[in-house]
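A.B. asks: Line by line, the protein sequences give chains D and E.
Counting in my numbering, the first sequence runs from 70 upward without gaps.
Counting in my numbering, the second sequence runs from 70 upward without gaps.
These are calculated hints, taken from the structure and not from any lab test.
Predicted model only: the values in this text are computed from it and were never measured.
Glycine included, every Cβ here is placed at the ideal spot set by N, Cα and C.
Among the hints, a few may not be true.
Stated by the list, open to error - On the chain D side, residues computed to face chain E include the following (Cβ under 10 Å):
no., residue
1, Ile-99
2, Glu-164
3, Asp-171
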Amino acid sequence: MDTKLQLLAIAASGILLLIIFELLRRRRLIERYALIWLGSGVVLLVLAVWTGLLEIVSKALGIAYPPNALFAFAFGFVLLLLMHFSIAISRLSGETKVLAQDVARLDRELRELRAAQGTEAEQPGSELVSEPRR
Amino acid sequence: MTAVEEIAIGKRNGTAALRRLAIVPAYNEERTIEAVVQAIRQDAPEFKVLVVDDGSTDRTARLAEAAGAEVLVHPFNLGIGGAMQSGYRYAFRQGYDFAIQIDGDGQHDPAEVRSLIEAIDADGVDMAYGSRFLVNSGYRAPIGRRLGIRLFSVVLSAICRQKITDPTSGFRLCNRRAIELFARDYPHDYPEVEAILMVHAHRLRMREVPVLMHPRRDGRSSITRGESIYYMIKVMLAIFVGLFRRRPVPEAGAEAPVVAERGI
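Given the sequences, and given the hints that come with them, work out the whole structure.
C.D. replies: See below:
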């Protein structure tokens with residue numbers, strides 16, 4: 070790899086690390102996910118600095134063309150990450166459902182209580198229910 | 070509590086009866102929760118007991134209520150950080166002056182609450198917390214955990230410029246200011262170490278108090294060995310990033326310094 074390209078690769082992975090750090094500092098990212106991205110950023114940085122590493126790894130694995138090793142790893146990593154996010158989203162939608170059901174139950178209980186006390190009888194269902202934005 | 074006791078407590082503090090809350094986070098603690106609630110009501114009777122049932126699948130909530138505690142029930146498990154923040158939010162909204170955090174597994178002795186109260190009364194600190202390592206109690210944690218606690222202790226002592234020997238202790242008494250801070254913002258998982266850093270960053274004062282702790286009654290920690298590696302890395306990262314974060318000093322009525330996670 071020529072030097073200019075290597076410097077570019079190092080700068081790119083450095084910037085990736087900085088972006089992750091800044092997201093974490095601003096609390097746009099929680100540590101759990103930041104660790105995954107920091108890990109991948111560090112791996113990219115190491116590969117960019119130590120250009121021989123990719124060749125050593127691909128030779129050890131019997132891959133003739135080193136960039137293929139990189140693509141294989143990157144693809145595997147992205148696949149795992151996507152699966153992880155699918156699992157997380159599934160959990161979140163389950164939790165959201167339970168929250169909505171509990172809010173509905175509490176709303177009904179509150180209206181019953183208010184009715185029993187003879188205070189303001191609010192109509193069930195609110196005009197304020199917002200359409201989920203797509 | 071009888072009226073006479075209430076007046077006595079009020080007199081001792083030179084004010085009308087201060088409101089005190091004991092927050093007990095519990096996740097599937099049906100074997101110990103009753104004893105813990107009863108012990109608090111007996112040994113620290115000026116505290117109301119709030120059990121935060123963090124999505125337990127056993128009888129924790131029912132037993133806690135039967136033992137005389139107020140109970141908040143999460144519809145699913147939020148983790149210890151979420152459970153504690155629920156407790157602090159409740160304490161803040163209900164106007165409590167002091168809140169103490171006591172684990173639901175029986176390792177904290179409610180009789181030791183007294184020393185924490187004295188520390189706050191005497192020094193005017195915002196948070197007092199029990200340390201297992203200030204007296205030789207014969208307490209021996211496993212070697213890995215001891216090293217971890219030692220590492221956090223060294224790092225936090227350097228950052229906070231005061232001796233912090235037991236940063237993972239979950240036995241903490243907070244005054245109104247600290248309650249407000251934690252009601253607004255509390256770390257996600259494994260919160261104790263980061264909470265100390267928050268107290269420091271928001272310029273609240275804290276003090277360690279020597280206490281004895283019991284071994285857990287059913288002998289297991291909430292943290293397994295695999296998790297403890299993640300715990301170490303996660304908390305070190307949080308401490309490091311926390312150093313670069315501007316921390317607004319919370320004021321009543323101000324906007325929360327922290328927004329919930331967005332866009333996930």
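A.B. asks: The structure should be examined with respect to each hint, and the outcome stated for every one.
C.D. replies: Each hint, compared with the structure:
The criterion of a C-beta within 10 Å of any C-beta in chain E is met by Ile-99/D, whose closest approach is roughly 6 Å, and the hint holds. This hint holds: Glu-164/D has a C-beta 5 Å from the nearest C-beta of chain E, less than the 10 Å allowed. Annotation: interface hint on Asp-171/D holds; nearest CB of chain E at approximately 5 Å, less than 10 Å.
Figure legend: structure checked against the earlier numbered hints; every hint is met.
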